[in-house]
Amino acid sequence: MNKRTAERRWILFFISPALAVVFVIILLPLFMSLFNSLFSWKQLIRQDFIGLENFRKVFFTEPYKTRFFNALKNNGLWFIITMLIQNVGGLLIGYFLSRRVWAHEFYKRVIFIPVLFSIVAVGFLWSLYLRPNGLVNGFLKIVGLPQLTRAWLGDESIATFSIIFVNIWRWIGFPSLVFLAAIDNVPMDCLEAAWLDGATDRRVFFKVILPLIVPSILIITVLTIIGSLNVFEQIYTMAGLDGAPNFSTDTIGTLFYRTAFGSVDSGNPEIGIGSAIGVIIYLLTFLASVASIVGLGKKEVEL
Amino acid sequence: MISDLRLKNATPGKKILIIFVQVAFICYSLIIFYPLFNMIMSSFKSTRDILRFPFALPQKLDFSSYKTVWVDRGFGRFFFNSVWMTTVSMIFVLLFGSMAAYGVSRYVYRMRTAVYMLFLSGIMLPLKAAIIPLFMLMKKLGFVDKPISVILIFIAMGLPSTIFILSGFMKTIPKDLEYAARIDGCNDWMIYRKVIMPVIAPAIALVTIYNAVPIWNDFFFPLVFLQNPKYKPLPLGLTNFFGQYSTDWSLLFTALTIAILPVLILYIFMAKNFIKGMTAGAVK
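Protein chains in written order, with the numbering used here: chain A, 1 to 303; chain U, 1 to 284.
Among the hints, erroneous ones may be present.
[What the hints assert, rightly or not] Stretch by stretch, here's where chain U covers chain A in the computed footprint (C-beta under 8 Å, at least three residues):
no. : region
1   : 107-117
2   : 220-230
[Said to hold, decoys possible] No farther apart than 20 Å at their CA atoms in a straight line, the calculated lysine to any residue pairs in the SDA-like style are these:
no. : chain 1 : residue 1 : chain 2 : residue 2
3   : A       : K207      : A       : L92
4   : A       : K207      : A       : M188
5   : U       : K272      : U       : A282
6   : U       : K171      : U       : P202
7   : A       : K73       : A       : P245
8   : U       : K276      : A       : A181
9   : U       : K272      : U       : A201
10  : U       : K194      : U       : A205
11  : U       : K128      : A       : L44
12  : A       : K42       : A       : E53
13  : U       : K15       : A       : R202
14  : U       : K272      : A       : R100
15  : A       : K3        : U       : R112
16  : U       : K8        : A       : H104
17  : A       : K108      : U       : F33
18  : U       : K171      : U       : R112
19  : U       : K171      : A       : L12
20  : A       : K108      : U       : A282
21  : U       : K146      : U       : F80
22  : U       : K128      : A       : G76
Calculated from the structure, these hints are not laboratory results. Glycine included, each C-beta is placed from N, C-alpha and C at the ideal position.
Let the sequences and hints guide you as you build the complete structure.
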């Protein structure tokens with residue numbers, strides 16, 4: 001046996017277990033989703049090839065059309081609010097922690113605490129606090145703002161916002177500490193040069209720090225897109241699988257689950273439509289990630 | 001690293017900013033701590049007291065609801081299920097992941113980049129979107145309602161990021177170390193086991209946290225695959241419990257405390273490691 005064959009065998013030995021698992025559990029189901037979405041289904045049995053008919057149904061036929069675009073709108077809302085509040089907030093928190101304000105080590109640890117909790121536990125905890133007779137309304141009454149009390153999860157116009165805010169409570173520590181690490185990595189000489197030129201803190205932040213942490217902004221943006229498209233547990237625990245009240249909190253994730261395991265139209269699982277929605281989730285994730293990488297990548301600065 | 005923002009020697013405008021930032025940080029810390037504190041306190045109170053005096057401290061430390069939830073409602077079992085399923089999944093994530101990372105970072109061959117990209121694609125693909133074919137696959141294999149179904153998925157979930165992070169570390173180890181071991185008569189497995197793995201031990205700790213936390217917390221896959229109460233992990237057990245006892249606030253807060261407190265205690269002792277581990281995928 002020569003040296004090359006021996007090496008080839010070793011390589012195969014090292015990579016094949018992982019390759020087998022990734023292939024069977026991640027890649028094969030991806031292709032099966034694509035394949036399944038092109039057929040009509042009777043329960044779990046594949047029927048005829050129907051081309052893009054399932055996709056046409058999702059986009060143009062009731063009840064799927066209304067449900068789908070309503071859910072997509074909510075996912076968009078998740079993305080925008082998370083970007084504006086959680087990620088901008090995280091950037092500010094990261095910045096001030098990097099300026100080592102008093103007790104910064106303590107704040108750093110505290111802000112990260114909820115990141116470790118399961119979405120399910122956090123969702124249920126806040127669903128108790130947000131009930132009409134829960135802690136949040138109780139607090140508003142104590143501080144003399146009883147006119148602000150709401151059915152936080154029962155009112156169609158605010159339920160989605162309440163759930164997004166709970167999720168921000170859980171997750172804001174993550175972007176904060178990613179941005180903190182990025183700002184701490186900005187080379188000292190860049191900052192010193194700016195100070196010597198008499199730049200104010202604000203100018204240093206916008207003109208020096210921000211351009212240099214674009215890679216981190218990019219990663220956080222992509223992760224936010226993926227996260228927003230995959231919202232499921234938050235809705236399941238705080239609003240239920242139907243996105244109550246009256247589908248106002250429904251997302252692609254919950255709609256997808258209902259389609260796959262029964263109940264949008266007939267109450268039965270609809271494999272064809274479900275697979276089509278699954279494929280749409282893949283495509284959206286892929287497109288949005290590529291778009292933000294291309295868009296923000298251009299603004300990246302090389303030192 | 002930037003200059004410290006401190007009150008001493010600051011201009012008046014800056015002083016106002018510093019005080020504002022402090023107030024904001026203190027308020028936010030309270031927004032994090034108080035809900036958790038209230039949750040623990042409520043677990044000792046009766047439902048009646050929770051609803052009438054939500055902010056009051058418990059009259060006495062009444063552990064009876066803990067016994068009810070842990071023993072009678074099966075949380076002991078859910079907890080144990082979460083522990084062993086996470087442990088088994090992590091053993092295979094670390095073993096297969098480090099082997100694959102070794103295979104793509106320590107050899108030079110034609111398909112190397114292709115194999116590496118194949119692993120990386122798993123980071124971007126949302127696994128939940130493939131639940132229909134996954135369900136059919138598990139059904140065909142007879143794995144539905146058996147822990148092996150979610151364990152296989154957890155392993156697949158952990159592998160891409162593990163390979164990404166570990167191969168990054170392995171690339172930086174000098175080849176000379178490997179040559180020296182080879183001259184001493186080591187084969188490739190021994191080099192992986194005795195030379196490379198000890199060197200990347202800190203990275204192993206990192207990926208362990210990075211993957212164990214989401215696996216411990218995962219709810220979606222157990223929801224789909226595990227109906228049998230015998231195998232339910234903690235998040236799924238908690239969900240069923242909330243469905244059944246939605247008006248018994250005392251038991252609900254106890255169940256939540258059981259789900260949240262262990263993680264909190266672990267974090268207090270290993271905060272630095274957790275922060276490093278969880279952000280490992282996003283921080284270079």
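Comparing the hints with the structure gives:
1. 107-117: holds (count 11)
2. 220-230: holds (count 5)
3. A/K207 <-> A/L92: OK: A/K207 and A/L92 at ~15 Å, within 20 Å.
4. A/K207 <-> A/M188: Given pair A/K207, A/M188 holds - Cα atoms ~15 Å apart, limit 20 Å.
5. U/K272 <-> U/A282: With Cα atoms ~16 Å apart, U/K272 and U/A282 stay inside 20 Å; holds.
6. U/K171 <-> U/P202: Holds, because 15 Å separates the two Cα atoms, which is no more than 20 Å.
7. A/K73 <-> A/P245: 16 Å, holds
8. U/K276 <-> A/A181: 10 Å, holds
9. U/K272 <-> U/A201: Judged against 20 Å, a Cα distance of about 16 Å means the pair holds.
10. U/K194 <-> U/A205: 17 Å, holds
11. U/K128 <-> A/L44: This hinted pair holds, its Cα atoms lying about 19 Å apart.
12. A/K42 <-> A/E53: Roughly 15 Å between the alpha carbons, so the hint for A/K42 and A/E53 holds.
13. U/K15 <-> A/R202: It holds: about 15 Å lies between the C-alpha atoms, which stays within 20 Å.
14. U/K272 <-> A/R100: 17 Å, holds
15. A/K3 <-> U/R112: Status holds; Cα separation ~18 Å.
16. U/K8 <-> A/H104: Given that 20 Å is the threshold and the Cα spacing comes to 16 Å, the pair holds.
17. A/K108 <-> U/F33: Holds, at roughly 14 Å.
18. U/K171 <-> U/R112: 13 Å, holds
19. U/K171 <-> A/L12: 19 Å, holds
20. A/K108 <-> U/A282: Between A/K108 and U/A282 the Cα gap is close to 17 Å, so the pair holds against 20 Å.
21. U/K146 <-> U/F80: 16 Å, holds
22. U/K128 <-> A/G76: 19 Å, holds
The structure meets every hint from the earlier list without exception.
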